[in-house]
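Once you have looked at the hints, place chain X on chain G.
Protein chains in written order, with full-length UniProt numbering: chain G, 1 to 344; chain X, 1 to 489.
Hints are computed from structural coordinates only; laboratory data are not their basis.
Straight-line C-alpha distance at most 20 Å; calculated SDA-like pairs for lysine to any residue:
#1 238/G - 235/X
#2 180/X - 137/X
#3 8/X - 176/G
#4 455/X - 408/X
#5 55/X - 35/G
#6 8/X - 148/G
#7 242/G - 326/X
#8 262/G - 6/X
Derived coverage of chain X by chain G (criterion: at least 3 residues anywhere in the stretch with Cβ under 8 Å from a Cβ of chain G; other residues may be distant):
#9 230-243
#10 391-397
If you want a taste of the chain X side facing chain G, the calculated C-beta under 8 Å gives, among others:
#11 105
#12 109
#13 137
#14 288
#15 295
#16 328
Just so it is clear, CB atoms sit at the ideal spot from N, CA and C, and this is done for glycine as well.
Residue strings, one per chain:
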Amino acid sequence: MDEEVEEERARIIPISERPEWADVQPVPQDDGPNPVVPIAYTDEFSETMDYFRALYLADERSPRALTLTKEAIFLNSGNYTVWQFRRLILEALNVDLQEELDFIEQITKENSKNYQIWHHRRWVAEKLGADVASKELKFTKEIFSQDAKHYHAWSHRQWVLQSLGGWQDELAYCDELLEDDIFNNSAWNQRYFVVTRSPLLGGLEAAVRDSEVAYAVKAILAKPENESPWRYLRGLYKNDIKSLVMDPRVASVCLDVLMEKKDFVHALNMVLDLLCHRYQPSNELKNAIDAVSPASDSSGLDLAERVCSTLQLVDPIRANYWEWRRSTIPAQDISVSMEKQCAV
Amino acid sequence: MEKTIATKTQEEQWMVQNQVFRIYDLVFRLPPQAQSVNFEIRRDDHIKYLTKCLKHLEPSFAVLDAKYCLSLLFSLYRHYGVMKNVGYQFEALYVKPFCLLILSRPWLCYWIIHSIALLGDCVDDKLENGAIDFLRRCQDPNGGYGGGPGQLPHLATTYAAVNSLITLGGHRSLSSINRKKLHTFLLRMKDTSGGFRMHDGGEVDVRACYTAISVASVLNILDDSLVQNVGDYILSCQTYEGGIAGEPGSEAHGGYTFCGLAAMVLINEVNRLDLPALINWVVFRQGVECGFQGRTNKLVDGCYSFWQGGVAVIVQRLHATVNEQLGLPNTFNYDCRTDSDHDSTNSDGEQCSEGTSSPVNDINEPMQEGKADASPSVGLNSYGYNFIKRPIGMRPIFHSMALQQYILLCTQEEAGFRDKPGKRRDLYHTCYVLSGLSISQHSSVKGADSPPLPKDIMGPYSNLLEPVQPLHNIILDKYFEAYEFFARS
Numbered sequence: 001m002d003e004e005v006e007e008e009r010a011r012i013i014p015i016s017e018r019p020e021w022a023d024v025q026p027v028p029q030d031d032g033p034n035p036v037v038p039i040a041y042t043d044e045f046s047e048t049m050d051y052f053r054a055l056y057l058a059d060e061r062s063p064r065a066l067t068l069t070k071e072a073i074f075l076n077s078g079n080y081t082v083w084q085f086r087r088l089i090l091e092a093l094n095v096d097l098q099e100e101l102d103f104i105e106q107i108t109k110e111n112s113k114n115y116q117i118w119h120h121r122r123w124v125a126e127k128l129g130a131d132v133a134s135k136e137l138k139f140t141k142e143i144f145s146q147d148a149k150h151y152h153a154w155s156h157r158q159w160v161l162q163s164l165g166g167w168q169d170e171l172a173y174c175d176e177l178l179e180d181d182i183f184n185n186s187a188w189n190q191r192y193f194v195v196t197r198s199p200l201l202g203g204l205e206a207a208v209r210d211s212e213v214a215y216a217v218k219a220i221l222a223k224p225e226n227e228s229p230w231r232y233l234r235g236l237y238k239n240d241i242k243s244l245v246m247d248p249r250v251a252s253v254c255l256d257v258l259m260e261k262k263d264f265v266h267a268l269n270m271v272l273d274l275l276c277h278r279y280q281p282s283n284e285l286k287n288a289i290d291a292v293s294p295a296s297d298s299s300g301l302d303l304a305e306r307v308c309s310t311l312q313l314v315d316p317i318r319a320n321y322w323e324w325r326r327s328t329i330p331a332q333d334i335s336v337s338m339e340k341q342c343a344v
Numbered sequence: 001m002e003k004t005i006a007t008k009t010q011e012e013q014w015m016v017q018n019q020v021f022r023i024y025d026l027v028f029r030l031p032p033q034a035q036s037v038n039f040e041i042r043r044d045d046h047i048k049y050l051t052k053c054l055k056h057l058e059p060s061f062a063v064l065d066a067k068y069c070l071s072l073l074f075s076l077y078r079h080y081g082v083m084k085n086v087g088y089q090f091e092a093l094y095v096k097p098f099c100l101l102i103l104s105r106p107w108l109c110y111w112i113i114h115s116i117a118l119l120g121d122c123v124d125d126k127l128e129n130g131a132i133d134f135l136r137r138c139q140d141p142n143g144g145y146g147g148g149p150g151q152l153p154h155l156a157t158t159y160a161a162v163n164s165l166i167t168l169g170g171h172r173s174l175s176s177i178n179r180k181k182l183h184t185f186l187l188r189m190k191d192t193s194g195g196f197r198m199h200d201g202g203e204v205d206v207r208a209c210y211t212a213i214s215v216a217s218v219l220n221i222l223d224d225s226l227v228q229n230v231g232d233y234i235l236s237c238q239t240y241e242g243g244i245a246g247e248p249g250s251e252a253h254g255g256y257t258f259c260g261l262a263a264m265v266l267i268n269e270v271n272r273l274d275l276p277a278l279i280n281w282v283v284f285r286q287g288v289e290c291g292f293q294g295r296t297n298k299l300v301d302g303c304y305s306f307w308q309g310g311v312a313v314i315v316q317r318l319h320a321t322v323n324e325q326l327g328l329p330n331t332f333n334y335d336c337r338t339d340s341d342h343d344s345t346n347s348d349g350e351q352c353s354e355g356t357s358s359p360v361n362d363i364n365e366p367m368q369e370g371k372a373d374a375s376p377s378v379g380l381n382s383y384g385y386n387f388i389k390r391p392i393g394m395r396p397i398f399h400s401m402a403l404q405q406y407i408l409l410c411t412q413e414e415a416g417f418r419d420k421p422g423k424r425r426d427l428y429h430t431c432y433v434l435s436g437l438s439i440s441q442h443s444s445v446k447g448a449d450s451p452p453l454p455k456d457i458m459g460p461y462s463n464l465l466e467p468v469q470p471l472h473n474i475i476l477d478k479y480f481e482a483y484e485f486f487a488r489s
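Here chain G stands alone, though its shape is the one from the complex:
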């Protein structure tokens, strides 16, 4: 605390008036005679950057250079040149990097959404190794308590898990976030990350997929309008569409949602995919689709076409897309020919 006050005070005295800087000749920014997007820098900003430029050009990796980069970062935490030079100095001086984490934390509180601080934090954490894994996980958790979809923080967390470890509680953490907000797609994405990449789970081959399908189905039934679990469910069968078609729970959740006759756009989207991959619909499913289709033009069309024309009406913002989908339905729809055979 005292140190902070001290620093704050130091910053009030202009660098040019500090004795320890007397030997440095500041280097002004070379903006040229007619600069565009000129910036009305404050005197403090200009002066700090002029001194920074001098040390940067001289490649002076000293304690005072380290202090100066800190001041420059406080003035503009997005200046990647300053951050990069700071890393060179940190390496040269062999500084205690734990303190560096605290410094970043301070900066992050003011503006957490720039690439530089996150890249720097990753660099520091990598140097410190597995010991800081829990600290990093805690740090990102604090960010998520304010903004649960913070893109940089999620990237950082994934990097920590993969590089430093700490997977044990991650699935439970995803549960917690989804419990809190089932629409949080970042949490769904993290869940996917865990079930596909955690060394503690066996990947999607094992029983994991089974329980995850159940998890997604439950979430869908609770809120069928929530796109996230639908995409998650589809993702569980990424590159394995045959198994998606074969899993009776997939068609069944679509049927359940359709029977409710509302919020069924995602269900029809899924049904369409199934039908395009030779799924044999039950009579129940066909009837449910009929029940939500407009009465007029349904009879002559095959089922996939009927799904598309229904979607064109009930989901008008994507009318063009559904029309295109209709034009790309595989030509020989086996379900139709099978149906005919059955009829005979």
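Just chain X now, with coordinates in the frame of chain G:
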């Protein structure tokens, strides 16, 4: 067990949705005469605002976003002690996952110059020369451009600088780019993963891959050493949702999806992406507010008019690849009989499908029958050019009129554009909203040379903006000029 109260996502969504619907309701209840004014682009006012920013970034509080205002004012006050610089900070500080470096002046140049060009105007000679000279000072002696004079070269600012210079056009501007040194810089940024780093010691992500590939391609310096394995890296970022993330494992996101897709087209590896999944993801990003969101279950934002809209229009020129992935014969999805007004050689249906490149051509080589194109177009650097010269094989897959409605009624201010109602204008959104409007207006044309029909433009036809080359987001004419310039040199 189940919660009946709304979650945070729902609450925020409903709030924005209601705000947007209220605006639509108000406008559509006006008498026709009064209504039409709301659909007009206030061209002159936008140009005035942009030109003023180029000359001088005023320290005005008018640009502040209320949400950032308090927290940032507080911190800036603590650190600056003075308020002189605050207005500028906010102009640039509008932070989005895909975007900016604070105080990155080449980006400011690009957003302004590109916006002015989209509006059909250009900057005067003095400002043009000022911009060229200034960007020259941002160019590193060892190649690439930094965020300001003397800063480390950076891929994103290099992209912004190169796009600015191409948009200004002309010999003085184009020849100011040191392409040989730039190539060295790009190679130095190449990571072992196949991806690119933003700067020396910087982060590797899809944005870096795109900006590197985009400038290399447009400057005719793309080669195998730059391309090597970058497709693997981008492919590893396509997520289970269908969109593309910034890094492997991250969440699918509009900005990165645009970057990944455009880069894959430019290196001719787009067939490696799962395009049907990508298309399905992107069309679901357009919501009831009529604009696009950046990620699943996030709020609508005007800037995604370009990032997501750009993905949608790029896909329209990939019909052959998409059909191949779907196992379909390669036919034009357009109804060719309605096509006669634009292209006499394709006046009947049969010839039309012959005129399309076969899937093999589409994927493995540049289109052979380049019709009337004078310039030879073979090799790595011509994929972007062949792409834009190709006839468009699909109707728009998104709702163009709806998007235009969102842009005109919800993002336009007296001068400048914003993210959504309740936010304040800034240069970043002005640039990407206008870019989104342009691609949307031109999404129903059949080829790069044909003008859109009045029915495809929301508001008066005078709203029509200049078309862009979507892979680089550069004004089309300026792109062609640069393509020819760098093909010669």
